[in-house]
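S.K.: Here is how the chains run, residue by residue.
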Amino acid sequence: MRTYLKHEILLPQKVTQLPWLLIALIVVTGAIGVMMQLSAGQGLWAVYAGKHLLVFAVGLTLALILGMVDLRYWSRASYPLFGIMLALIIAVGLVGFIGKGAQRWIALGPLQLQPSEFMKFAVILALAQYYSNVSEHNLGHPRFLIPPILIVAVPAFFILRQPNLGTALIVIAIGGAMSFAAGVRLWKFAAVIGAAVAAIPVGWHFMHDYQRGRVLTFLNPERDPLGAGYHITQAKIALGSGGLIGKGFLQGTQAHLQFLPEAQTDFIFSLMGEEWGFIGAALFILIYFGMIVLIFRVSLHARSLFGRLVAVGMGFNLFMYFLINIGMVMGLLPVVGIPLPLISMGGSAMLATLLGLGAVLAVAVHSEQRV
Amino acid sequence: MNTALERDQDRQQLITRRSLMLLAGQSVAALVLLGRAGELQLIKGAAYNLLSEENRISIRIVPPPRGQLLDRKGNPLAVNQQSYRAVILREEVKDLEAVLNRFADVVDLSPDDRIRIGKEFRRGRNFSPVVLKSNLSWNEMARLEILTPELPGVSVDSAAQRFYPLGAAAAHVLGYLGAPDEDEIDNDNEPLMGVSGFQIGKTGAEQAYDGTLRGRAGGLQLEVNAKGRVVQELKRTPPVAGKNLQLTLDGDLQQAMYDRLSQERSAAAVVMDVHSGAIYAMGSSPAFDPNIFTQTIPQDLWQQLNSDPTKPLMNKVFGGTYPPGSTFKPITALAALTAGVIAPETTVTCTGQTTLGTHTFHCWKKGGHGTVNLTQAIAQSCDCFFYETARRAGIDRIAQTAHAMGLGQISGFGLSGEHHGLIPDRAWKRRVFKQDWTVADSFVCGIGQGYVTASILQLAIMTARIANGGMNVKPTLLAEEVTRVSATPIGFNPAHIAAIQQGMMAVTAPGGTAAAEQIPEPQWHMAGKTGTAQVQAITQAQRDAGFDVFKLPWEQRHHALFVAYAPEDRPQYALACIIQHGGAGGSVAGPLGRDILRKTQELDPARNFKAV
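Residue numbers (the working numbering), protein chains in the order written: chain U, 2 to 372; chain P, 37 to 648.
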């Protein structure tokens, strides 16, 4: 098996190894988030922005600390962490109280955590750990694909039952992307996707009428003009009315006259588009995507398979949120209730995202290390 | 020959290649997003800007009319009446407190009202009015009219108000409407939930059939200008009215039953069809006026109803369980007959007491009944006969028979809040008390005391199943279910059921415990069984001192129970009733049951049905 080179790095060296450009983009994104929360809170810090800033600061500090942790510890912790998170997610189903009609939350003293956010993080680590220990030769055998499928499917099943369709789909997408990056052959993807597509009519047959109604509304919000359709219409009006230069900070009428629902969470991108116009929206898309590109760069520069796959997973996770949230707000994708990490209000999602970025920092710092 | 290092490098290259492919795909997606933002903001920006600046679109939810509840003859039980209410539009109000203070000068506003208005004001959607006060009187409307200039955003509109023509008489079975509470609002995707003034069924049939009665919300798409004023209506999706439901109840019988129940301090009764299971009347007294409940319930009334020891808010027909007392004896007898351990001719000699080990079990009749057979034992409710019968049958067979007759389980007829009651057996006692079942336990349970409890509804089901010859009839409140469901035999020997019927007929015949309570008209004669359920055991000291139940405080007196069916020769109606803490059974609950069954046969609901 693999031989370990003694490769201890001292803390000062680690600090110099930090990817400062990526950190700068994270801070800029966080600052944009705080400004948007200030606007969503009618210019008052106490409504959303103060808490947003606090969670961001705490999360970023944690990320920097996590970035100093040796990759071998990450590797060793990945399976136990996965087990703990899985137990927690099952516990949410049992003791989690009902928030917005879905069992997604677990109360830890004053903190309310959404374990499904952290579950994704654990899935990425576990998959990276698994694929980095399977040789390419073994990867050719279909039976070696059973563990990663379980690592993805079991959490996805429990997240789906909460019910949280959006997050469940993202977990599956991450699993697919990481398997793809790890070198699983393309025809196997084709087989799995084909099987899933073939299963759709069967599942449809067993669904209740009201469940079918929900799926149809998910695919076509216009079916529900009082609910999802209304949200999308208002979000598009908000975004479009921003024009080239926007209405100006705190001047978004759609959001501030409360036409725009959930302006501080899922629909925050329309608020941004309304107030800052195309210039602001386009710049934001570039900054956010730049952050994702830099995460992939960390992956390409890492020596260890584990590190590379962790960075790919985290980067792809951020990308999925970015794509689904903005796509939804602009009427390109169905309404799934997915936040825009670092920008949307919501402690769990931001904390989980920053912890994930902490893992990416660790990969960057220990890029020369073998695991 | 690949070395390990080369293989590793191959893998690294593969991953690099695949990662770059992923990144390329992501870049395409990011470009699509950029393009879409350009399309919406640059190309269509002007159009959207117009929509946003000049013509904002908002939606006002339009509640559907709620379905009506009708009785079996098509008469109304719960209907919608036009009423007037004061509402306020959020977007026209700057200072809610000031408006409310001025409003309170002419219309009474309780602190609870103010809290509710504040909550709905914050939660509600734009352009959906918040109800300040419903059911305005003419007087209040006139005074509001004068004050209108000083009340920005306040207007009067008309809305449907639920009305129950029978009032308190059907309060428990029909239930009432109320505003959904926070939990219900959060956990229901129903858009109506957030609409101020929207009500859902809180108890009874209103709650059980809420889904059918509710209907579907409509919506108005409104064009609103930049100042928040409605410019015009763009699109209207009409609401879908809730369905009307016909119940099996007979409104006249329900009223008559309640009038009779009201003569007692605390009582409940139910009448059902022995073949179809249709519930013709279900009453509980004292009751409350549901027409007050659909408006804001005054705090003091609520507290008074809640602290009343006679529990006016509870439907005592199925919301509570009681020791069935001697009304349980037919079950013990049927279990023993089915097991073959007694026959209808079996006799037991009652000396007024039975000794088991060192313990003495008393018959209710001092001095005893002498030698009695099954018919006589049921007719005179001889405890000693049933001690012996219970001993022979054993508790497990008794429990099995009780379950088959509908005891110890909820019937699931529709309304929520049914209680299981308790039918003990050996396994139950071992599980709960970690003790073995004793013959003494069988004695006590065999006469419907001790651990045994049942609801009045369960006793009515038991009586119906005896009356119909052992068919597993189930109760129902829905007229459409009556024709759909038919009862099947439970599997008892018809001769055994007939022997029980024989005994129950003797109860109301000369010599029986309810002989004086027989219905005078021969064609309406009933068969029944009386029951006295002890709330507390009678001590030997009390017995020696000459026990008199009416000297006890009210809440310690025995419950009086009566079950019956009629006509006794071709059964149609089954009844069970209770007078809480009424003292003795036959002489107290008997007349109540007789009056109700007599009225039932006079009105004859089974032959008076008009489908709507």
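FYI, nobody ran anything at the bench for these hints, they're computed from the structure. Backbone N, C-alpha and C define an ideal beta-carbon position, used for all residues, glycine too. Among these hints, one or two may not hold up.
Sample of chain P residues facing chain U (criterion: CB under 7 Å; computed from the structure) [said to hold, decoys possible]:
{"id": "1", "residue": "54"}
{"id": "2", "residue": "64"}
{"id": "3", "residue": "67"}
{"id": "4", "residue": "79"}
{"id": "5", "residue": "80"}
{"id": "6", "residue": "88"}
{"id": "7", "residue": "324"}
{"id": "8", "residue": "327"}
{"id": "9", "residue": "395"}
Computed from the model, here is a short list of chain U residues facing chain P with C-beta under 7 Å [unchecked claim]:
{"id": "10", "residue": "46"}
{"id": "11", "residue": "185"}
{"id": "12", "residue": "301"}
{"id": "13", "residue": "309"}
S.K.: Hint by hint, note whether the structure agrees.
M.R.: Comparing the hints with the structure gives:
no.	hint	in the structure
1	54	holds, 5 Å
2	64	violated, 11 Å
3	67	violated, 9 Å
4	79	violated, 9 Å
5	80	holds, 5 Å
6	88	holds, 4 Å
7	324	violated, 31 Å
8	327	violated, 32 Å
9	395	violated, 48 Å
10	46	violated, 20 Å
11	185	violated, 9 Å
12	301	holds, 6 Å
13	309	holds, 6 Å
Consistency with the previously given hints fails for numbers 2, 3, 4, 7, 8, 9, 10, 11, ordered from lowest to highest.
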